[in-house]
Amino acid sequence: MKSKFSKPLLISVPIFLGLFLLLLYNNRPQTQIDFNAHVKPILNKHCINCHGGVKKNGGFSVLFASEAFQPTESGVPAIVKGDAKNSPLIQRLSAADPEERMPYKKPPLDAAEIKILSDWIDQGAEWGTHWAYIPPKKSELPKLNNKAAPSFEHFFQTHVDAFIAARMEDQNLTPNPPAPALTLARRVAFDLTGLPPNKELFEAYTNNRISYATYVDSLLNDTAYGEKWASWWLDLARYADTKGYEKDPGRSIWLYRDWVINALNQDLPYDQFTIDQLAGDLLPDPSPEQFIATGFHRNTMNNDEGGTSDEEFRTASVIDRVNTTFSVWQNTTMECVQCHSHPYDPFKHQEYYGLMAFFNNTRDEDTPDEAPNYRNYSKEDALKVEELLQWIKSYGTAAEYETFKDFLYFLEPKYQLHNCEDFTNGAMADGKWLALWDKGSAYLRNVDTQQSGSLYFNYFSRLNGTRMTLREKNASGRILAEFTINKSNGAIRRVPFKILEGKTDLYIETHNEGLAPQTTTSYLSWFAFLPNLPGADQKGYTKMQQRLNTLLNSPVDQTPILIENPPYMQRSTQLFERGNWQVKADTIPPHTPVYLNPWQEKWEKNRLGLAQWLVSEENPLTARTLVNRVWNQIFGIGLVPTIEDIGSQSTAPTHPALLDNLAVQFMTEFQWQLKPLIRQIVLSGTYRQSAAIDEEKLALDPENYLYVRGPKLRLTAEEIRDQALFVSGLMSRKMGGQGVMPPQPKGIWAHPYLGDLWKESKGEDRYRRAIYTYFKRTSPYPSLITFDAGSREVCLINRISTNTPLQALVTLNDPVYMEAALALAQQEENNPSPAVAIDNMYQKALYIKPDAATQTVLLDLYQQALRTYETRPEQLEQFLDRETPTQIKLAALTLVANAIMNLDAFLTHS
Amino acid sequence: MDSLERLLKEYQLKNAEDHSRRHFLRNCTLGLGGIALGSLVHGCDRGVAQAPWYTPNRALNPLSVLPAPFAPKVKSVIYLHMVGAPSQLEMFDYKPELKKLHNQLCPDSLLEGKKFAFIRGRPTMLGPQANFVRAGQSGNWVSDYLPHFQKVVDEVAFLKAVKTDQFNHGPAQLLMHTGSPRFGRPSLGSWVTYGLGSENQNLPGFVVLSSGGTPDAGKSVWGSGFLPSVYQGVQCRSKGDPVLYLKDPKGIDRNLKKQLITAINDINFKTYAQQKDPEILTRINQYEMAYRMQLTVPEVMDINTEPEHIKELYGVAPGKESFANNCLLARKMVEQGVRFVQLYDWGWDSHGTDHSTAVDLGLRNKCREIDRPITALLMDLKQRGLLEETLVVWGGEFGRTPMQETREGKTMRYKGRDHHGEAFTMWMAGGGIKKGAVYGETDPIGYQSISGSVSVHDVQATILHLLGFDHETFTYDFQGRPFRLTDVHGSVIKQILA
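For the protein sequence lines, the chains are A and B, in the order given. Heads up: the first sequence runs through residues 889 to 1798, numbered per the working numbering. Heads up: the second sequence runs through residues 130 to 627, numbered per the working numbering.
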């Protein structure tokens, strides 16, 4: 059960499991103490708040072994290996003086806890590595005693079930019987495709024409699978169609969303899926898709608000990328380490900046154009690009070919002019454009022109006749380029540029006499330095030069991507004192935390290397994290119940061996593919159980940690909408493309400067799957957010499922849901028997027949509606604002359809 | 295993107790025995010591009332946020010295090492554009932009030196309302409704009313962050449905809607009888609440039912979206037991780029728009005895510079001030507040604090304190660690407490 308060309940899990371990331990005299199982939980619970991470009161810390055994401020170590009696730690825990006794001013440890610590010290105080940081290992299937018991009949379907059954046996619990095929068919269809099953497939399975496994395979092969699981991934990727922050303007990154859907449908192995997203641009000769995949980390927000510092928000994006990468792949909260060493987990302050160094060298600089963007040329233009590149290949060097290719596809590398300084008669306009007046000047410092003969720049201007001069070093320096800027709505232009060795400061000046004082002559956003187009002595050169110019200025779809700085533009990464980006300390080279898997020499020290490190089979967290999250999607609870965190503060896995076996299987047997993993889980007897609740079992295992019943989840925000459209026959299954704008109430998007910009989609775009709904961060689609979708500003690992009156208002009153109810009713409008019509509607919606009691209630509602409309026929005239009056039967059926579409059975998946 | 069994038994007993208190499910109170709705271990460690926010009752109704951990001074909050950052120098922070320096070039010493959002080059000083009087018994300064407010000035306590480290609107608003300049944290109102629930189950517990437009940081300033979304602010609108999807669809009247919901709940209850899933009971409860909310919200949102003299007092404009309407609505909401009412009024970003943002022109109009409603709100709350149990907070996301703005280094046609976070004014009124107090002082030009500087987190800690929370122990576990509104900062500003 995905409960409305899964989170707070989790607080109790470690305590519960801790107690449980304690009890086990108490029953076994003088066992070998295990640091991780017995000691670490006590230290984390009672000690680490004051003795670890940020605080090392008395000079004592229990975070790292190296710290725990060192002399404290008193001069001696707190722990004397092999001698509990003489260890100050133990003495202080049982001291009589309240000033002496630890934990200070808090309740004392109980005797059992102190005994564990004492025994541990007496046994040599061996420090252990937390299980989460040891790579997963496969183990034997547990041996079962009651396997043949009648209650376990039908239970054993995949190897998952043996592990689940073993825990049940321990607790003298038994599984629920299997769910009826009709119920299971609907449940698994939602879990795999986010939709109810299509009718033919459903009947083939429920009439025993195909097996459950075949049914599952068909669902996995439906393209709806990618659309369903993409929601989960896009929450992690913080995908949205807007930039966030103040005005929250639009962003065109839907190609990334489509990439995710396709990658999932093709079951792109998770290691490749990871590499493409984190470092697709660094692969040898990346495909356009691999560039688009790097959109993952371009989903960070971009701040266009006037007066904001681009460097501040670029840094914020880089920090977000570090944190998101670690949340998504390592299930570890790195935010803490930004300011100080991790309070609980073994990560050090500088290791944060070691990770940041991997991400700190991308070209994006929080500019309003969101550069770098992948330029998606029209088919026609793409051919011209290829022809032009062919020319360059024929007459130029290989390096020139690469340079022009990069520039044509993503306009990099370039210098953003927001870095200009020392202005005279001019400034940055809105922080975004170099805006000089007559006799204006500014410096762009430390520029490496790569001995280029051409300068390209982007500009617009409302005036003619501005003379711009670029000089070497300063106002009296050599002229490098000189040209006139005339009126333009915006263009990229090339001018000749003097060849220059090494780095220089560029002095930029403008003249346009006779202008009113303080009039801006022109607006420029970037400079790029490129070699001259090769082949100057060839026939057709002028045409090629023109073509280059035309292509650079041709309208294209642009998608933000990651591009790495060339060597001469590298940034060094410095540690931020206490996390403050303006107080920089030592330079930190890229490196990964020592507690995790070792770095292999064959990897380059860049994002690509980092991605390879993450998907190395030696990484202890990547596969576990993924397996745990997939499990959570299906059961509404993880094998490690703290879905946001696997580490020393997380709960222990309920089934550690299962978690590890699945993780190993995922990496090896399944070759990192998600579909076989999901398939194995939904084929399990564990999954197939009925969700009915047995009160005795509920009392013993309220959270279903032992899987004594099958999952019953409230449908997700997307599923709720999609189901209504699907069962009413309104849904369009068109895939991909720009975000659509289905009807929403007026005024939701009203922005002081921008007005109401929600342009309601026409035709089938009104009825697309929710995943295609335009996602505006500051104002997400209201019914989705009401059903717990996030606002996609930051990485969201787990949606908390809630149950609120506002949700009831959506499914009862939102015109979208009324339209669906009407459409469902229309299918039965001509049915002579209301009872049969209602049965049919119910069955179309829920895939089972209503029982007699339900039939009666619904038929009563129908009759009540008829009576109401007979006495107040004017209601039929205005019914749902339709153009013509509604037939009385149709109106009454619509009401019944709306009731059906609000039932618990409809809003949940079992 | 003896102790585990004992623990379980205790738990079941506790459940049974909680159970007997569930009287709100009018039609289905029988036969729900022994449902385990809460966590297994109520009696352990943090479960009780620090986070009493989960009881079985809460699982059925997440907004059910919970007692504050410490003696609260107030029950509800009305928070008036002037979006864009109002100029303290034209409203409350009187600086005669600045007048003398008007039009003089700003000395370099004020500019060194400082970053401004828009000022470039060397600006001139801009003297206060309003005249100030000493008002009320307290004799506290109020400008002539706020003639009405002068009458209630003795009710409020001023913070004259609030400091923020954010000087862009979006991040500064987030910091003010969520304790962090970045996205993802719960807002103040969410924390409060999470901690206390709502007194009126037919209304949202955390209501947001805006005039002029949405704040720059968007809906995140009333978002629930990592708290369950049930605690996010519900925007009540003056146009269209006051709450989204509140209105019954055309052709389905109230009576029919009642029958519809009865039918849904009847069938759901039957399903419950078979499946015993407690979540179904919650759903039944939510549908009943939705039905009642459909009646109650329009009633509360209808200001026409108020007597004429009250409407006049506030200066309301029925049928329109206005700050005055929202002030009156705020009073009505608080009267009805809404826990947290957040008002946003847009249009305070006085850069001087045009008439509407000039501190001598547009700002005067903005002040006129709020002067009477705020005065009316304080008086009205007081006459109803509500002011003693309500906290009213006024402020923006930062303050404004004593220098005239020079955007792109240019002289500007209108008089405007740039963003300034080092010292600005906020005030609070209501229960537990020391009336007529002033805490904090700025230098003679109103640029920096010279005493009593308080941070945004201090303000938040103080609000929580008045509601009966210790901001350091009011936490929520997320990503393996406890989070709090004030992060690792903040202390209660005792100087303005009664």
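Please keep in mind that the hints were generated in silico from the structure rather than gathered at the bench. Take the hints with a grain of salt, since some may be wrong.
Stated by the list, open to error - The calculated lysine-lysine pairs, modelled on DSS-like cross-linking and capped at a C-alpha distance of 27 Å, are: (1) A:LYS1135 x B:LYS449; (2) B:LYS399 x A:LYS1737; (3) A:LYS1647 x B:LYS368.
Each hint, compared with the structure:
{"no.": "1", "hint": "A:LYS1135 x B:LYS449", "verdict": "24 Å, holds"}
{"no.": "2", "hint": "B:LYS399 x A:LYS1737", "verdict": "15 Å, holds"}
{"no.": "3", "hint": "A:LYS1647 x B:LYS368", "verdict": "19 Å, holds"}
Every hint from the earlier list agrees with this structure, and none is contradicted.
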